[in-house]
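Q: Now for the letters of each chain:
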Amino acid sequence: MADGTGETVAAESRPNIHLPIYLDYQATTPLDPRVLDAMMPYFTGKFGNPHSRSHSYGWEAEEAVEAAREEVAKLIGADPREVIFTSGATESNNLAIKGVALFNKDRRNEIVTVVTEHKCVLDTCRHLEQEGFKVTYLPVQQNGLIDLDDLRAAVTEKTVLVSVMAVNNEIGVVQPLAEIAKIAHEKGAYFHTDAAQGVGKIPLDVNAMGIDLMSISGHKVYGPKGIGALFVRRKPRVRLVAQMNGGGQERGMRSGTLSPALCVGIGEACRIAREEMTADNERIRHLAHKFYETVKAKLPDIYVNGDLEQRIPGNLNISFAYVEGESLIMGIKDLAVSSGSACTSASLEPSYVLRALGVEEELAHTSIRFGFGRFTTEAEIDYAADTIVKRVSKLREMSPLWEMVQEGIDIKSIQWADH
Amino acid sequence: MAYSEKLVDHYENPRNVGSLDKNDDNVGTGLVGAPACGDVMKLQIKVSPEGLIEDAKFKTFGCGSAIASSSLVTEWVKGKTLDEAATIKNTDIAQHLALPPVKIHCSVLAEDAIKAAIADYKAKHGQS
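Top line first, the protein sequences correspond to chains A and B.
Numbering-wise, the first sequence is residues 1216 to 1634 according to this note's numbering.
Numbering-wise, the second sequence is residues -19 to 108 according to this note's numbering.
Heads up, some of the hints might be wrong.
Stated by the list, open to error - Computed cross-link-like contacts, BS3-like style, restricted to lysine-lysine with a CA-CA straight-line distance of at most 25 Å:
{"id": "1", "chain 1": "A", "residue 1": "Lys1334", "chain 2": "A", "residue 2": "Lys1440"}
{"id": "2", "chain 1": "A", "residue 1": "Lys1627", "chain 2": "B", "residue 2": "Lys(-14)"}
{"id": "3", "chain 1": "A", "residue 1": "Lys1609", "chain 2": "A", "residue 2": "Lys1627"}
{"id": "4", "chain 1": "B", "residue 1": "Lys58", "chain 2": "A", "residue 2": "Lys1605"}
{"id": "5", "chain 1": "A", "residue 1": "Lys1402", "chain 2": "A", "residue 2": "Lys1450"}
{"id": "6", "chain 1": "A", "residue 1": "Lys1511", "chain 2": "A", "residue 2": "Lys1334"}
{"id": "7", "chain 1": "A", "residue 1": "Lys1609", "chain 2": "B", "residue 2": "Lys37"}
{"id": "8", "chain 1": "B", "residue 1": "Lys2", "chain 2": "B", "residue 2": "Lys26"}
{"id": "9", "chain 1": "A", "residue 1": "Lys1548", "chain 2": "B", "residue 2": "Lys69"}
{"id": "10", "chain 1": "B", "residue 1": "Lys69", "chain 2": "B", "residue 2": "Lys95"}
{"id": "11", "chain 1": "B", "residue 1": "Lys2", "chain 2": "A", "residue 2": "Lys1605"}
{"id": "12", "chain 1": "A", "residue 1": "Lys1450", "chain 2": "A", "residue 2": "Lys1397"}
{"id": "13", "chain 1": "B", "residue 1": "Lys37", "chain 2": "B", "residue 2": "Lys95"}
{"id": "14", "chain 1": "B", "residue 1": "Lys58", "chain 2": "B", "residue 2": "Lys2"}
{"id": "15", "chain 1": "A", "residue 1": "Lys1609", "chain 2": "B", "residue 2": "Lys2"}
{"id": "16", "chain 1": "B", "residue 1": "Lys69", "chain 2": "A", "residue 2": "Lys1609"}
{"id": "17", "chain 1": "B", "residue 1": "Lys2", "chain 2": "B", "residue 2": "Lys60"}
{"id": "18", "chain 1": "A", "residue 1": "Lys1548", "chain 2": "A", "residue 2": "Lys1505"}
{"id": "19", "chain 1": "A", "residue 1": "Lys1548", "chain 2": "A", "residue 2": "Lys1627"}
{"id": "20", "chain 1": "B", "residue 1": "Lys(-14)", "chain 2": "B", "residue 2": "Lys60"}
{"id": "21", "chain 1": "A", "residue 1": "Lys1511", "chain 2": "A", "residue 2": "Lys1609"}
In case anyone wonders, no lab produced these hints; they're calculated from the structure.
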């Protein structure tokens, strides 16, 4: 490994490490082998259309879909009749937000959401602004959580929907869902949560928490890509305008032939998550903790972005001061991670989530997101921590900012030429 | 991002990383860019009494393209006169490294860095 500082033990001499090491579990997750096993029959012999009423090919496909639906419902404490399948959380978010807003637009025309939501929520809201809705984008505190007083002030009698994600994909923080639901309901607004990064990672109970709509993503919970779900409360009934018109499948809310294989996949993924969430979290928490403590012991001036307590264990978004994110990622080719740096996005602007936390631009440029998951091993995180320490150290030796800091110069006092 | 072999080489094996004494009369220091933009380059040249750049060092906070551009520039200025070094164009840098379009600004910054280092040296010697 060309890191110029010598003695890194080669990956080949460490058992059970497959390079590059996957540490991007928020971007997507691998299929749990058990999920693939459950799906396979529906790609081979059991290929029927679940909406075919008249023969056993259809009946067996339908049975599989309904069993899967039940597993998704169980994971979130819902009734199976409240779960509809979609093509993914993006579609679920579109359906929930547009569907509810448009159904109610003659009575209420305001929406409240948060600046750190996923792009599909923000873009959907922007689209609705063009249709005449007033949208309030709440700021977040430095720890990434919303201020409940801000929320209370923003929700009015004209608010149709409050949409706040359960877990943020970039920084892993968990919003106070039950409290948010309460505030939304005080003024008669619905509460939707994009739970793509939360399902299977934090306990979710739509009734205990008062959630009216919830978006679920298959490929974030070791299920297949291309399938998601939307929880739509029945008591009291939430009604929405379908965004996919056609044969009226999914109780008229989402037309289109369901893929039994994909439904079975997300169902099995949810079943496994329900049974193994606690054990998974404990193991992942230990790995993330070890990784962070190892790196922190050897590298000064590193910062975790997002609340340290209200978070999922499998996410660590870390800023490495004085080292630029893309240059760091280039030097850790053995690790598959993602960066909040501008250089890795198409624009020159750093991550809007980090910006919303108030992370200063130069620190935002230095951020790396590490995602740990069910299949991450201790050997992998030891190797990863080692790699990070070596590469950050080397880049700091090359950094004029690090040099200035070592010389006691206050970087903030310098007049930089704009370019 | 898919970078050219030359670019990756400069990133993995950067040339002339380090610092010269900025208080030395024969050293010109250029510091360009801004942390908020994600690019800061410090380029230093040591000029011989005959007016030739006999040594160059750099330090860069920036992406792979920025590091490669500044590393390349320290190679190119060595042995040149100040006037010759001032003719180095960002387009030459970008072409040599095959910079993707979204990274051209890194080569512009490297060109600015040389010019700033030359200007600093000249200012120390009462020239404009």
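Q: Would you mind marking each hint as holding or not holding in the structure?
A: Results for each hint:
no. : hint                   : verdict
1   : A/Lys1334 / A/Lys1440  : 18 Å, holds
2   : A/Lys1627 / B/Lys(-14) : 34 Å, violated
3   : A/Lys1609 / A/Lys1627  : 23 Å, holds
4   : B/Lys58 / A/Lys1605    : 30 Å, violated
5   : A/Lys1402 / A/Lys1450  : 18 Å, holds
6   : A/Lys1511 / A/Lys1334  : 32 Å, violated
7   : A/Lys1609 / B/Lys37    : 16 Å, holds
8   : B/Lys2 / B/Lys26       : 10 Å, holds
9   : A/Lys1548 / B/Lys69    : 31 Å, violated
10  : B/Lys69 / B/Lys95      : 10 Å, holds
11  : B/Lys2 / A/Lys1605     : 28 Å, violated
12  : A/Lys1450 / A/Lys1397  : 16 Å, holds
13  : B/Lys37 / B/Lys95      : 14 Å, holds
14  : B/Lys58 / B/Lys2       : 18 Å, holds
15  : A/Lys1609 / B/Lys2     : 23 Å, holds
16  : B/Lys69 / A/Lys1609    : 29 Å, violated
17  : B/Lys2 / B/Lys60       : 20 Å, holds
18  : A/Lys1548 / A/Lys1505  : 21 Å, holds
19  : A/Lys1548 / A/Lys1627  : 32 Å, violated
20  : B/Lys(-14) / B/Lys60   : 22 Å, holds
21  : A/Lys1511 / A/Lys1609  : 16 Å, holds
In this structure, the hints that do not hold are numbers 2, 4, 6, 9, 11, 16 and 19, in rising order.
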